[in-house]
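J.: If you want the building blocks of each chain, they are given just below.
There are 2 protein chains.
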Amino acid sequence: MLKKVLLFGFAGLAVLAVGILIGHFGIEQDNSPKWLRELSHDVDENFIKNFIAEVDNMKIQENLRELTKVPHMATTAGDEATVEFMLKRWQDKDTGLDAAWREDYRVYLSFPKSDTPNTVTVVNATDDVLYAAREKEKPYGPDQEDPAVVQPYAAYGPAGHARGKLVYANQGKVSDYELLNRTLDLSGTIAIVKYGGAGRGAKAINAAPFGVIGVLVYTDPYDINEGLMSDENETYPHSWYLPPSGVERGSYTTDFGDPLTPYLAAKQDTYRIPEEDINGVPPIPIQPIGFEDAQALICQLGGSAAPDDWQGSFPCTYNFGGPGFSSASSFSNSDVKLDVYNAGELRDSANVMGVIWGSVEPDRYVMYGNHRDSWVHGAIDPSSGTAVMLEITRILGQMVKAGKWRPRRTIIFGSWGAEEFGLIGSAEYTEEYISKLSQRTVAYINVDISVFANATLRASASPIAQNVIFAASKQVQAAGSTSVSVYDNWIKYFNRSSPTYGLIPNVGYLTGAGSDYASFIHYLGITSMDISYTYDRSKTRARIYPAYHTAYDTFDYASKFIDPGFTSHQTVARTAGNVLLRLADSLLLPFNCSDYAESLEEYLSRTVENFEELLKAHGISTEPLKEAVKSFRTAAASLDRVIHSSDLLNETPLKARRINDQLMLLDRAFLDPLAFPNKYGFRHVIWASRSSGVSTFPGLADAVEKAQTTGLKEDWDQAHRHLSIVTQAISGAAHTLTEVHA
Amino acid sequence: MLKKVLLFGFAGLAVLAVGILIGHFGIEQDNSPKWLRELSHDVDENFIKNFIAEVDNMKIQENLRELTKVPHMATTAGDEATVEFMLKRWQDKDTGLDAAWREDYRVYLSFPKSDTPNTVTVVNATDDVLYAAREKEKPYGPDQEDPAVVQPYAAYGPAGHARGKLVYANQGKVSDYELLNRTLDLSGTIAIVKYGGAGRGAKAINAAPFGVIGVLVYTDPYDINEGLMSDENETYPHSWYLPPSGVERGSYTTDFGDPLTPYLAAKQDTYRIPEEDINGVPPIPIQPIGFEDAQALICQLGGSAAPDDWQGSFPCTYNFGGPGFSSASSFSNSDVKLDVYNAGELRDSANVMGVIWGSVEPDRYVMYGNHRDSWVHGAIDPSSGTAVMLEITRILGQMVKAGKWRPRRTIIFGSWGAEEFGLIGSAEYTEEYISKLSQRTVAYINVDISVFANATLRASASPIAQNVIFAASKQVQAAGSTSVSVYDNWIKYFNRSSPTYGLIPNVGYLTGAGSDYASFIHYLGITSMDISYTYDRSKTRARIYPAYHTAYDTFDYASKFIDPGFTSHQTVARTAGNVLLRLADSLLLPFNCSDYAESLEEYLSRTVENFEELLKAHGISTEPLKEAVKSFRTAAASLDRVIHSSDLLNETPLKARRINDQLMLLDRAFLDPLAFPNKYGFRHVIWASRSSGVSTFPGLADAVEKAQTTGLKEDWDQAHRHLSIVTQAISGAAHTLTEVHA
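Chains as they are written, first to last, in the working numbering: chain C, 1 to 742; chain V, 1 to 742.
Here chain C stands alone, though its shape is the one from the complex (with noise of 0.2 Å):
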């Protein structure tokens, strides 16, 4: 009986004991909250495998024909209809997003009178007209015929008429007026200058201080077309090259955002600054013309013949101008005569925004965005983003109706008005939402002309993203591919040395003020990319895509001529929207903050090159900024060892939530206002805007020069100033990043 009692005994402790272990590891999944298996939620390999192959080029092309249809200039009829398409498919019940939603600014913006176009003439001294250049591009099909179609204009170019002699000033830059000004005077002239080499509102800005009255502008076919003129078999429609009446549109403000309302957003009743006060804008008219009418006009100048890197393709040697015509010319003694209607308006301007929300960290928003308005049908600016946009919203949005995925963060998708008035649009959003958005914005992607040709990816970026790109790059095929990744073909067209990876694609930096991720980058300290396929750089020495702002840029040009098939746009859909998942759905963001200290060290090592000598002539010591830039290394190398010594699956969910937020915050910590009170929309100190040639801290390279220039105490006082400004953001961004004690 004992020997049963026993036996009972250990085979009820046996079985209790099993029963103990599958009641404490068998049921543990069961058991714990729902809410601790979501804080493990991380980026699914097989999701985004699915998203790529989900990407449809033919669905890119109806959005972009559907968005094409007529001609969609900010604040337009044409303008309003994209905003309801967006909205239509935002709030589509299958496909859309959890929300969209307008939001309206009033906003200043520039147009020619209708009634009354823009006209240049040339004009002898009893004011017959010799010559009158064309008011509208020369059509090649419905689209050009569209009423709608706005005539070339310099948007903020003051109206008004001025008639004078006229002179072929190159570019446009101060040393090109400069030269001129040496064998000639040029007060009351008109100036004739190329795109390029300048911004388009400093052509004008540039020529006034001499005397110039007007300025005329076009693209010369040597910078555009590889030097082809004729429409009849050579440009667009037989090629995408710009047909001779072509003319490039564009804003012509130095600054960006709503001119009436820096740094407020334009609301209704927002205080607004007199018109007269509004900053970097031409002081005198200034009108765009296609290069048949500057052909005209450029080859009957008289005077000296201009250097030989002014030449362009015109059959004719580019002379200075008399100023004015040559006396052998049938426009000899003539004028010309610029009269300019443009004017300022208030108008409504909306972005349409669309959001799915985040399910374990809805406060950490990932930003993408494009704009929607452009100067005509704007096919490639900036629909063929739009497009793609549309495209990647499509599949994620028809991936959260079904319930089968949410981001661990929150996606929020812009879709910008006014941008190219100067980044109206996006601009104003930053500046209404600056504290959530500064709060809690991991990244914004920008994707504006998402091809401008077929060869290769390109990206501009903070360095901190710089791996998350090559991580999505790698997984994409190349357009046209099936073998070699969108990274292997990239590295062949732009690439550089790491001292850190050795040869890698090159990623620009953001440096500019181009397209909407200015706002986030330089006003708010946003990590930001901008995406896009682009040239064979060996292949053309095109500025840009030729239709660039005119009226060919149309799906016809498009679909014919930059990405027939679509399949460079899938592809910037398939690489652009990874990045967006990855950043969206990663455990720990797929940010990397050593390569930050790498473009550091880089500015640094420029700065030494072309600098610390002069400096230190003026009692200036480069050590300090040397130290902080170790300092940024060593906090670097610091949070990184955290990071691969973490095992954050396991660990409190409170430690991918800290170092997420030394990484999100990094680019913010490089932040002063007082760093460029004369373009207070910079406020990176390390990405502002820069005119020194030499690619260093942009504060401390411009303080320099001018310093060398003037050879002012002043001005190295300045130069000492910003060596500081940049020592101390650095210092800072380190501490940022220096291993937070637990």
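Some hints here could point you the wrong way.
Since the list can't tell identical chains apart, any single copy or any two copies may satisfy a pair.
Unchecked claim - Straight line, CA to CA, 20 Å or less: simulated PhoX-like cross-link-like pairs of lysine-lysine:
{"#": "1", "residue 1": "173", "residue 2": "713"}
{"#": "2", "residue 1": "267", "residue 2": "626"}
{"#": "3", "residue 1": "616", "residue 2": "267"}
{"#": "4", "residue 1": "630", "residue 2": "267"}
Rather than coming from a laboratory, the hints here were simulated on the basis of the structure. Keep in mind it's a predicted model, so treat the numbers as computed, not measured.
Since the structure of chain C is provided, determine the placement of chain V on it from the hints.
T.: Just chain V now, with coordinates in the frame of chain C:
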């Protein structure tokens, strides 16, 4: 057999089930990872009770005795001794903090010359000295005899020699000089003025445009001593009143932070502006004197009698001055001569920093600070605060060293240097670590002078912090009481009627820059508070405790007349320490954003009352401001709802973090670096300093008042601009509180 087998089987199943139940529920607690349990780390009321019980008044007294052994003006040997004392205490192995260290800045201070004292004399036409003011305060004991007692002087007042007829200019306000100027030619005169009414430096800055060439400053017995003047039996050492020779020293700058490195941390090689470019310092020599000397001068003045409200406690009529002395006076026709030898010097000033690392959220900082430097012995200013801080760190350090406690968040203590010269140590610290502090700091608690007097608590704070100060003050007994709480005592002395709560203690607003909270709240937008014990205002009209900034602010003075028994010190330590612990340990930050809405509504109502009609008459609508305040109220209510409907202990820890981030960053949302370009240290658009008497949004109030005075269109434009700035800031803050979708 079957029965037995069945029995065995059933029994086995039952045992197995018991085992499963034990395994599943019985071991559950041990199964969860340690971090999961730590996440719920919340404030422990027993720990707080123990802390309160531990605060020892006698230990505070001993701290004070130690701190005040010798004068410890910034950067002197006495200051260095306090640096070492702080480090010794904070690095103590049993009662110290996790770490403590010093951080030095190279700052520009201003001192009198020790070998050539500043002098104030009366000289006749033949240069005979008829009267000489005291150069040092009269000794009543060894403290005043210490050779390290600095001569009374006006720091940052320029060196210089002024000789001229004396006039009496009341408090040195612009209106005071204007009144004098109606009947007198002030050019070449020396003005004697009382402390009060205008800032120290302003008394000279206001004077210079009227031609005044030198200024004397004194404290009228009416304003500090209830009129008492005799050191035979009335003033210190017989009471807390100011002896006749006592002189308030002080900084005469209007800005704060190191004067040579605005907005840059003052490191060795930091760019320094030229001394002549320092902003906000007196343009003419200025010197403070005792009231016995002031009486000797004022009572001899000629000219008409000054208005009643310019009179003080001297037994004579205060005349304007002829200019100069009365013809009946022995000083008739004599000048006052002012010889100032102050000089600026670059000196190394130390902050002493100490830290207790947080266990759950080490990357969230609760800061507590107090300056260390004094003008002389500084028993009250600032050592009463240092003595309190050291008692708090002793108790917390002991708990940490014993392994009994570690806060949820990191606690950082700051012992600031060179506060007396313009909040320099704290300002340089915030400049150096601006990014890290902005990203991580939950709150800054400032306790400078901890005890002005024994009557009641006084607190100024961002409205969001009212809640935690109330909670702490309800839990501590008022000094000298065992039955009345600090809160119940406080409400008797300072109270207001809150629309939400009814009668509550009145927490002041931090609109000035009176102590080291300035850089935190105004420059970084970090929620700040300033806490002390103070007067029964119905019982004294003293501007401040009478020995303020004099050689009589000693341990003897503090222990005899300010807080015998040190129970008020103890009460402040308990209350401020309790606030600190609640901020550091609470799972959910003890902030209430709806209290901020109440303050904004109060400001709005003052704007409506005082300015709405005026603005409307100039075409400026206050509607957007009203809507912004309304949207803030709605957003605050929505966050409150989220908080109240949450079960934070059982939801994802990222939810508490998200809400805490919203609360932590609320004050940050009110920063606008463009709001006040002329006082850039003030970036918080709600609490910035204000000259207008209307207690409302400072930029708006000052701009409207200016526009009213000048009537200029451009000034009304500025009023509109400030309306838009504050509207955008409030709307932006509201956006940060709006519920984050999940």
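J.: Of all the hints numbered above, which does this structure not satisfy? Sort the numbers upward.
T.: Of the numbered hints, just 1 does not hold.
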